[in-house]
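Could you build all of it, start to finish, from the sequences and the hints given here?
Protein chains in written order, with our numbering: chain A, 30 to 189; chain B, 30 to 189.
Just so you know, the hints here were simulated from the structure itself, not pulled from any lab data. Watch out, some of these pointers could steer you wrong.
DMTMM-like cross-link-like pairs, simulated, lysine to aspartate or glutamate; straight-line CA separation at most 25 Å [claimed, not checked]:
{"no.": "1", "chain 1": "A", "residue 1": "K181", "chain 2": "B", "residue 2": "E185"}
{"no.": "2", "chain 1": "A", "residue 1": "K103", "chain 2": "B", "residue 2": "E68"}
{"no.": "3", "chain 1": "B", "residue 1": "K145", "chain 2": "A", "residue 2": "E82"}
{"no.": "4", "chain 1": "A", "residue 1": "K50", "chain 2": "B", "residue 2": "E137"}
{"no.": "5", "chain 1": "B", "residue 1": "K107", "chain 2": "B", "residue 2": "D74"}
{"no.": "6", "chain 1": "A", "residue 1": "K107", "chain 2": "B", "residue 2": "D74"}
{"no.": "7", "chain 1": "A", "residue 1": "K55", "chain 2": "B", "residue 2": "E148"}
{"no.": "8", "chain 1": "A", "residue 1": "K145", "chain 2": "B", "residue 2": "D83"}
{"no.": "9", "chain 1": "B", "residue 1": "K107", "chain 2": "A", "residue 2": "D74"}
{"no.": "10", "chain 1": "A", "residue 1": "K181", "chain 2": "B", "residue 2": "E148"}
{"no.": "11", "chain 1": "B", "residue 1": "K44", "chain 2": "A", "residue 2": "E49"}
{"no.": "12", "chain 1": "B", "residue 1": "K103", "chain 2": "B", "residue 2": "E68"}
There are 2 protein chains.
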Amino acid sequence: ARPRVGYFFAGKNTKSLLAEKVRSIKVSEIKAVPVVIKEETSVYDAIVTLFLEDVGTLFVVQEDGSLCGVVSRKDLLKIAIGNADIRQIPVSVIMTRMPNLVTVTMEESAFDAARKIVEHQVDALPVVKLKEAEGKVKYEVVGKVTKTTITKLFVELGRV
Amino acid sequence: ARPRVGYFFAGKNTKSLLAEKVRSIKVSEIKAVPVVIKEETSVYDAIVTLFLEDVGTLFVVQEDGSLCGVVSRKDLLKIAIGNADIRQIPVSVIMTRMPNLVTVTMEESAFDAARKIVEHQVDALPVVKLKEAEGKVKYEVVGKVTKTTITKLFVELGRV
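Now the structure itself:
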């Protein structure tokens with residue numbers, strides 16, 4: 030606790046104050062609303078959803094709502110320029126699939142989320158809640174953190 | 030100037046110190062390398078370039094190297110799912126064109142760049158240098174600032 034004397038000791042410089050602040054913001058405070066689709070959705074319908082919802086990443090869920098994949102604008106563009114019939118192919122064929130997904134939880138920090146985005150070179154992370162069903166661990170999608178989320182947060186930090 | 034007494038007066042609280050730091054970082058310190066293509070490039074070749082260079086946005090330049098447009102993954106996906114022959118259509122048909130481009134200069138701050146990205150809902154800004162040629166003002170592309178750039182910067186701020 031700082032002394033209530035109108036000043037505080039400069040043991041902490043601006044850099045460490047900033048780092049502390051960045052690490053103190055929780056994913057739960059910044060998460061955005063995720064758009065989810067089902068595994069059976071065609072690539073074409075996924076692209077339409079992407080445009081209608083104006084997002085860059087879609088999260089793919091099973092019948093019971095648990096996360097099974099992620100599909101990005103990049104994945105969709107790659108298949109769209111091929112000769113495949115994108116109205117016939119389900120997104121499950123092209124999505125990145127569990128357990129290869131990078132996820133984040135509500136309790137992690139904005140810093141953790143941003144670091145995962147940079148290190149794993151993804152545009153978006155699903156925010157997940159672990160739940161057990163039929164003796165298996167499943168992930169419920171409760172939000173997302175994207176490069177847009179982090180950019181907006183950066184702007185907030187810069188406002189006085 | 031702060032008194033050299035091991036503490037400083039708390040006229041500036043943490044929030045304003047942070048905002049000051051965020052606003053003090055210049056675009057010139059954080060800019061990334063832009064990928065440019067010519068106006069005549071076909072949409073198909075633009076998409077190939079996007080994948081080869083692993084970027085999300087391409088900057089379109091005229092013969093003299095001056096900026097005339099920007100084309101995003103979203104623009105390319107939109108045309109790719111249409112019935113158009115993307116090997117025949119030049120990117121100039123689908124790009125966002127000058128003077129509708131949002132740009133940033135070296136002297137502006139990372140905060141300015143991030144704010145423009147959020148407000149104009151774009152993924153990337155070209156960093157431009159003004160030059161005069163034939164009595165006209167032209168823009169040379171000398172870098173880019175993207176949501177990825179800001180996310181990486183955010184991670185740097187969180188490192189102690």
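Review point. So which of those numbered hints doesn't the model satisfy?
Key: Every hint satisfied by this model.
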